[in-house]
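**Q** Here's the letter readout for the chains.
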Amino acid sequence: MPAEIYLNVAISGLLTGLVYGLMALGLSVIFGVVRVVNFAHGEMMTIAMYLAVVLFAQLGLDPLLMMLPIAALLFAVGYAMQMVIINPFISRPEHSQFMLMVAIAIIIVNSLLMIFGPDAQAVQTSYSFDSYAFGLVIVDATKLYAGLAAIFVAAALFAFFQYAPLGKAIRACADNYTGALVVGLDVKQLYALSFGLGAACVGAAGAIIVLLVDVTPPLGPAYTLLAFVIVITGGMGSMPGALLGGVLIGLTEAMAGLFFTPSAKSMFAFAILVLVLLFRPQGIMGKKPT
Amino acid sequence: MSVTRNASTALNRRRLLAGAAAVMTATAAPAIVRAQGGMLKVGVLLPRSGTQAGIGQDCFRGVELANPIFKSIGLPELEIMNADTETNVEVARSRAEKLIADGAQLLMGAFDSGQSSAIAQVAEQKGIPFVINIAAAPPITEQGYKFVFRNFPTAGMILGDAFTNQKEVFAASGVEPKSVVFLHVNDTFGTAMKNGVGAVMPKFNMPYTIKETISYDPTARDLSVEVSKAKATGADALLVVSRLNDAILLTRELVKQRWSPMGILSMGPGWYEDQYLKTLAKLGDGPLSFVPWYDPNKKLSKQLEGALAKKYPGVNMNTNHIYTFEALLVAADAHKRAKTTDPKALADAIRATNITENVSTGPGISFDEKGQNVKLKNAAIQNRGGKLVTVAPKGATNAKAEWPMTAYDKRR
Amino acid sequence: MIARMLHGVPRHTLALLAVVLAILVIAPVFANDYLLTVLIIILYFAYTGQAWNILMGFAGQLSLGHALYVGLGAYTTAALYVHFGIGPWLGMPVAVLISVACGATIGFLAFRFGVGGVYFAILTIAFSEFVRIGFDHFDWAGGSSGLFLPVANYSRNDVVNLRGQPVMFYYVILMMTAVAFAMCHALLRSRVGYYWQAIREDEQAARSLGINTFRYKMIAIIVSSGMTAPAGVFYAFYYNNLFPEQTFFILRSIEIILGPIIGGIGTLFGPVIGAFLLTGISEVLQELLANFGFDTPGAKRVFYGVCLLLVVMILPNGIWPPIARLLRLQRRETPEG
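Protein chains in written order, with the numbering used here: chain Z, 1 to 290; chain G, 1001 to 1412; chain V, 2001 to 2337.
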């Protein structure tokens, strides 16, 4: 096979991986701080994707521009969900949380089916078919923009958690719940904020990914699983880890598809997950549990 | 005197006989009425929700158009009982049971081979005829069922005709590809076609060889790797079996990765569907699809097409509508000939079906002893200007094929 | 042994059980085939729910990939039947063995390395998906085009090869569910059962008491996976076609756990009640919506999700415990029903 194929595929995998990473980042925030197993993560992204589709179809607004408003809307949704429905479940056993999120996921998926119908919806912008050629290397334009947008949002999030007082408070909450309470932080509020932030992340990811992927109502579960695989691989509670995990999985899948049968490429992501769980359960960049 | 007395006795006897007859008819009547009177109750099983919802709802359009057309051609109308299989084998089975329990005398469906198999078992058990509208997996009509009928080609039939039609197109244009790369979706239909290609292609002396076979996951959202691999083989043309979403994704990748094959030979759904044509506009022209289709020159085809255009303007008539309609056509025709709604008689009537005034390509609808319509012919259609034209087989065409395909970069 | 199993169970519980069993046994006389199909689905989920419950409810390990064992059981016996003509009952031990091997592998990898909670759950999903994709490429077992079992005619009921009328299948699954029920009951009251419950409540405390948690968790996953395999065998011979996409699909795993969670994890009656309720709600919703002309696809599932949500929020321990309390069906010593 010609050499540039490997480069093309690797770049493609990397860029896609960045977007996966952004989606997983949202989960990392939610699970890292609130400790809720959000099995409706992919479904929340699907909502964001449909929002982008509607805005584009009705008002002609480019999803990349709408990324921030959609993220804001998802923030509100996440915040409300946490305050109203999920909060009582924080202390409940995992399987209860899981069932709660599954029920929510079922409701979301089928409501979307009722509203939008089963056909795939796409956002086809003027640059949807563009690509940039650098010699023999061809880079998909939309993937490039998507990757850049993902980096931008992730950087903004890092900055928030690193420098903003609210961000630091949330991190404190995640690191030491009791300590946070002692210091007088309003934990319930912070939890809601965190869930909202995680939802905003996934909202931005959705707005971006709709340029690459057509949306159907049952799209969610596959992405939920992917998000979990990435977060565990990259490290629970580590944000750079989520991005790194995303890139790793994106690259692995792409290269595996190239070397082996593409239809089996998902197996590699699971194989990596199993290996990580067994030999480095805290993830690549996670902190070793004390 | 005696006459009067005889008359009254005779009257009495007659009245007695009449009374007896009346009683007998009264007790027998329910059975006869159930079997004879009224419209035929047809249970329609389609995936209206779940992953195949879009296709199921498209098939349903064929159902909606049926009765008015039947009325106009002198066939009895059908009483349709709807059920949603939810793209799930267990639900399909229990819905079939429910329909039968609710009085369905004939079943029709179910688009998917797995669900159709499940329904077939129930139908066979209960002695209720089951007419399959769309399902290509060969095993369904190899089980020795007596009540299951399929008016749809098997994967082998689709392939055989595909190769014949391809050669016809190549001959007409004078250009033939020396090599192809075979891309297929790794699901029931795709794999059946792949296996079929291996078995059937050697018999047809095709001018091309398959350089590489690449299979991809049906749920894949990103096909860039697959297209990269395909382009890297250096093959002349693309041979493909895919679904609608993959077709759109693949085309986008072809454009982005700047590969315009000599042509796209599709032996499955997707590349000719409305969503594909609408989404890709100019970039959607050119692919050839070798599929079960309709004969545009047949009278009933024109009638069905007209009815569809009136009810759903902008929707192109496709396999889903045609074969769903024809399945009901079989039911109505059998009902007319059997003059009863008794399932066993209906099954016998269906076995004797011989409809020449139909919609699909080929001599008409008839079934062999396995319940399969082996005379179906498959057509070659091409996307042109947002519409579909039939380019093969000869005698059932309405346009000439464009081969090779215009390169993508020349269209933007 | 039976006496020991029955010891301590309140008399009216036994009576209730007997009545329920009697109704189920004579049901085919009154039920039409459609109702039988529904009952078969209910009992199937009651059976798999009980098998899953052993791992989760008794030993406290959340498995979200139980469809793996169903699938392995189904494919093993189906492939043996299709390729070698080996009947389902003969193939079942092989199926159970393979299923147990898989479960033991997962268990060993997870428990040895201390993987628990949500991580364990994700691990089970990963294995299930891995095997699903694997079977998609496993052409000897049909690959993704599916494995079709040859279907003979239905005039006779052949129990040996599991070919026949729905009634036969009904009694088979009824028997399986009843045996599973008895087994779970026996397990709960055995030493293993008590250790499991100790581990579920507080693994650390259990270990400090000297219980070898690794060993008992392994036993739990082995029993659970082994018990799930026969459900797969039943599934294969009842539906007669298998597709990796459907058999190993993650939604199947979720279907399996819905019953026990709604009914009540860790309880004996939970999975059974849950199965009845869920399928019941599903069918009733179907009827209601059809009657109100709500033919919109998806509407039924939205209601289904809402019902699920309500149950999870209001009755976190499932529906069985409050019912059991109401009917005073519990023994006085332990709070398990």
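Just so you know, these hints were derived from the structure itself, not from any lab. Every residue, glycine too, gets a C-beta built ideally from N, C-alpha and C. There may be inaccurate statements among the hints.
[As the list claims (entries may be wrong)] Far from chain Z, by Cβ distances over 12 Å, these chain V residues were calculated:
(1) Val2019
(2) Leu2080
(3) Ile2106
(4) Phe2113
(5) Val2118
(6) Ile2133
(7) Ser2144
(8) Val2159
(9) Gly2193
(10) Leu2258
(11) Gly2305
[Stated by the list, open to error] Listed below are the simulated EDC-like cross-link pairs for lysine to aspartate or glutamate, each with C-alpha atoms no more than 16 Å apart in a straight line:
(12) Lys1400/G x Glu1212/G
(13) Lys1336/G x Asp1348/G
(14) Lys1387/G x Asp1285/G
(15) Lys1278/G x Asp62/Z
(16) Lys1410/G x Asp130/Z
(17) Lys1167/G x Glu1402/G
**Q** Against chain Z, does Leu2080/V keep a CB gap of more than 12 Å to every residue?
**A** holds (25 Å)
**Q** Hey, does Phe2113/V actually stay past 12 Å from chain Z on C-beta?
**A** Check fails; 5 Å does not lie beyond 12 Å.
**Q** Taking 12 Å as the cut and beta carbons as the points, is Ile2133/V off the interface with chain Z?
**A** The claim is violated: Ile2133/V sits with its nearest Cβ about 5 Å from chain Z, within 12 Å.
**Q** Beyond 12 Å on every Cβ pair: is that true for Val2019/V relative to chain Z?
**A** holds (31 Å)
**Q** Does Asp1285/G lie within 16 Å of Lys1387/G when you go C-alpha to C-alpha?
**A** holds (9 Å)
**Q** For the pair supplied as a hint, Lys1167/G and Glu1402/G, confirm whether the alpha-carbon distance does not exceed 16 Å.
**A** Since the Cα atoms of Lys1167/G and Glu1402/G sit roughly 14 Å apart, the hinted pair holds (cutoff 16 Å).
**Q** Quick check for students: does the CB of Val2118/V sit more than 12 Å from each CB in chain Z?
**A** violated (5 Å)
**Q** Can we trust that Leu2258/V is non-interface, i.e. its beta-carbon lies farther than 12 Å from all of chain Z?
**A** Incorrect as stated: the minimum Cβ-Cβ distance to chain Z is 8 Å, not above 12 Å.
**Q** Classify the label on Gly2305/V as holds or violated, using whether its beta-carbon is more than 12 Å from each beta-carbon of chain Z.
**A** violated (3 Å)
**Q** Checking one constraint from the list: CA of Lys1400/G to CA of Glu1212/G, max 16 Å. Satisfied?
**A** Distance ~30 Å between Lys1400/G and Glu1212/G Cα, so the pair is violated.
**Q** Would the hint linking Lys1410/G and Asp130/Z be met if the CA-CA limit is 16 Å?
**A** holds (14 Å)
**Q** Tell me if the straight-line CA distance from Lys1336/G to Asp1348/G falls inside 16 Å.
**A** With Cα atoms ~13 Å apart, Lys1336/G and Asp1348/G stay inside 16 Å; holds.
Violated hints, in rising order: 3, 4, 5, 6, 7, 10, 11, 12 and 15; the structure is consistent with all others.
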